[in-house]
Amino acid sequence: QKEVEQNSGPLSVPEGAIASLNCTYSDRGSQSFFWYRQYSGKSPELIMFIYSNGDKEDGRFTAQLNKASQYVSLLIRDSQPSDSATYLCAVPARYNFNKFYFGSGTKLNVKP
Amino acid sequence: GAVVSQHPSRVICKSGTSVKIECRSLDFQATTMFWYRQFPKQSLMLMATSNEGSKATYEQGVEKDKFLINHASLTLSTLTVTSAHPEDSSFYICSARVVRGGSTDTQYFGPGTRLTVL
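Taken in order, these protein sequences are the chains called A and B.
Mind the numbering: the first sequence is residues 1 to 112 in this note's numbering, read in order.
Mind the numbering: the second sequence is residues 1 to 118 in this note's numbering, read in order.
Be careful, since some hints might not be right.
As the list claims (entries may be wrong) - Selected chain A positions facing chain B (Cβ under 10 Å, derived; list incomplete):
hint	residue
1	Ser32
2	Phe49
3	Asn98
4	Phe100
5	Phe102
To be verified - Calculated lysine to aspartate or glutamate pairs in the DMTMM-like style (CA-CA distance at most 20 Å, straight line):
hint	chain 1	residue 1	chain 2	residue 2
6	A	Lys99	A	Asp27
7	A	Lys99	B	Glu87
8	B	Lys20	B	Asp105
9	B	Lys41	A	Glu15
10	B	Lys41	A	Asp83
11	A	Lys99	A	Glu5
12	A	Lys42	B	Glu63
13	A	Lys67	A	Asp27
14	A	Lys2	B	Glu52
15	B	Lys55	B	Glu87
16	A	Lys99	B	Glu63
17	B	Lys41	B	Glu22
18	A	Lys99	A	Glu45
19	A	Lys42	A	Asp27
20	A	Lys111	A	Glu5
21	B	Lys66	B	Glu22
22	B	Lys41	A	Glu45
23	B	Lys41	B	Asp105
24	B	Lys20	B	Glu52
25	B	Lys64	B	Asp88
26	A	Lys99	B	Glu52
27	A	Lys99	B	Glu59
28	A	Lys42	B	Glu52
29	A	Lys56	B	Asp105
Said to hold, decoys possible - Per the computed footprint, the stretches of chain B lying under chain A, defined by three or more beta-carbons under 8 Å from a beta-carbon of chain A, are:
hint	stretch
30	43-49
31	72-79
For the record, the hints were derived by calculation from the structure and aren't laboratory data.
Quick reminder that beta carbons are idealized off the backbone N, C-alpha and C, glycines included.
Use the sequences and the hints to build the structure in full.
Quick look at the structure:
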């Protein structure tokens with residue numbers, strides 16, 4: 001079982017809709033979770049991180065964490081074509097915060 | 001804050017030559033930096049963890065004599081691809097760790113270097 005799993009997609013949503021991206025992780029003791037966005041041909045950029053159960057909002061982005069079910073989600077409200085990218089979920093190893101486990105990413109297409 | 005730069009952004013070289021890539025943290029000090037490689041349409045692959053003032057830690061399967069890493073200061077790490085071959089052509093990305101405290105330490109990525117070996 002991989003440490004972090006994501007559906008590769010592509011996930012297609014119409015402009016203005018809510019995009020929901022999911023990530024599951026295997027280590028029940030994981031404490032923090034990161035979402036990165038990677039445009040084609042570019043490097044990843046940090047969107048947000050979350051370490052408490054529940055929701056964390058930042059503009060149009062909301063991260064949701066459910067530790068009991070071991071999943072973390074990223075919701076993008078009012079999706080725009082410029083949100084079209086691959087979204088990576090990352091979870092630090094529990095005993096080595098230097099080591100991030102990255103999911104393979106979910107490709108999001110927002111159609112005008 | 002937390003800006004990471006890389007230089008060069010793109011390099012084309014002949015087979016057998018060596019290429020040096022620089023990674024700098026511009027507005028913070030980074031005791032730990034990371035080097036990743038990404039082939040087209042594939043996931044990020046961690047190559048090595050670079051620690052200031054000590055030897056880098058390489059991931060399994062990464063040749064340390066081929067990919068030389070030096071982290072001589074708190075703001076600069078370099079990756080040298082020695083005797084590059086066409087199969088080394090890839091997108092090389094560095095990241096630097098921002099220390100916030102334990103599990104919330106965050107990695108910020110540089111813009112990447114696209115290496116093409118002819």
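Taking the hints in turn, this is what the structure says about them:
1. Contact between Ser32(A) and chain B, as hinted, is supported at the beta carbon level, the nearest pair being about 4 Å apart and thus within 10 Å.
2. With a least beta-carbon distance of about 6 Å to chain B, the hint placing Phe49(A) at the interface is held under the 10 Å criterion.
3. Of the supplied interface hints, the one on Asn98(A) holds, with its beta-carbon coming within about 6 Å of a beta-carbon of chain B, less than 10 Å.
4. Of the supplied interface hints, the one on Phe100(A) holds, with its beta-carbon coming within about 6 Å of a beta-carbon of chain B, less than 10 Å.
5. A least Cβ separation of about 5 Å between Phe102(A) and chain B falls short of the 10 Å threshold, and the interface hint therefore holds.
6. About 14 Å separates the Cα atoms of Lys99(A) and Asp27(A), which keeps this hinted pair within 20 Å; it holds.
7. Taken as a hint, the Lys99(A) and Glu87(B) pair is broken in the structure, with Cα atoms around 26 Å apart against an allowance of 20 Å.
8. Proximity of Lys20(B) to Asp105(B) is assessed by CA-CA distance (about 28 Å); at most 20 Å being required, the pair is judged violated.
9. Pair hint Lys41(B) plus Glu15(A) does not hold up; C-alpha atoms about 25 Å apart against a cutoff of 20 Å.
10. Distance check on the hinted pair: Lys41(B) and Asp83(A) sit about 18 Å apart at the alpha-carbon level, within 20 Å; holds.
11. Annotation: proposed proximity of Lys99(A) to Glu5(A) holds, straight-line Cα distance about 16 Å (limit 20 Å).
12. Between Lys42(A) and Glu63(B) the CA atoms are separated by roughly 25 Å; this puts the pair beyond 20 Å, and the hint is violated.
13. A distance of roughly 10 Å separates the Cα atoms of Lys67(A) and Asp27(A); the hinted pair therefore holds under the 20 Å criterion.
14. Distance hint between Lys2(A) and Glu52(B) is unfulfilled; the C-alpha atoms sit about 30 Å from each other, more than 20 Å.
15. At most 20 Å may separate the alpha-carbon atoms for a hinted pair to count; Lys55(B) and Glu87(B) exceed this at roughly 25 Å.
16. Taking the CA atoms of Lys99(A) and Glu63(B), the gap is about 19 Å. The hint holds against a cut of 20 Å.
17. Pair hint Lys41(B) plus Glu22(B) does not hold up; C-alpha atoms about 24 Å apart against a cutoff of 20 Å.
18. Using a Cα cut-off of 20 Å, the hinted pair Lys99(A) and Glu45(A) holds, with the two alpha carbons roughly 17 Å apart.
19. In summary, the hint linking Lys42(A) to Asp27(A) is not supported, as the alpha carbons are separated by about 29 Å, beyond the 20 Å threshold.
20. A C-alpha spacing of about 25 Å is found between Lys111(A) and Glu5(A), which places the hinted pair above 20 Å, so the restraint is violated.
21. At roughly 16 Å between alpha-carbon atoms, Lys66(B) and Glu22(B) fall within 20 Å of each other, so this suggested pair holds.
22. Simply put, Lys41(B) and Glu45(A) have alpha-carbon atoms about 17 Å apart, close enough for the 20 Å limit, and the pair holds.
23. The straight-line distance between the Cα atoms of Lys41(B) and Asp105(B) is roughly 27 Å, outside the 20 Å bound, and the hint therefore fails.
24. Annotation: proposed proximity of Lys20(B) to Glu52(B) holds, straight-line Cα distance about 18 Å (limit 20 Å).
25. Note on Lys64(B) and Asp88(B): the hinted pairing holds, with a Cα-Cα distance of about 14 Å set against a maximum of 20 Å.
26. Distance restraint check for Lys99(A) and Glu52(B): the Cα-Cα separation of roughly 16 Å lies within the 20 Å cut-off, and the hinted pair is therefore satisfied.
27. Our distance criterion of 20 Å between C-alpha atoms is met by Lys99(A) and Glu59(B), whose separation comes to about 11 Å.
28. Distance check on the hinted pair: Lys42(A) and Glu52(B) sit about 26 Å apart at the alpha-carbon level, beyond 20 Å; violated.
29. Of the supplied pair hints, the one linking Lys56(A) and Asp105(B) holds, its CA atoms being roughly 17 Å apart against a limit of 20 Å.
30. With 4 residues carrying a beta carbon less than 8 Å from a beta carbon of chain A, the stretch 43-49 of chain B meets the three-residue requirement, and the given coverage holds.
31. A stretch counts as covered by a chain when three or more of its residues have a beta carbon under 8 Å from one of that chain; for the stretch 72-79 of chain B and chain A the count is 0, and the coverage is violated.
Comparing the model with each earlier hint shows violations of hints 7, 8, 9, 12, 14, 15, 17, 19, 20, 23, 28 and 31; every other hint is respected.
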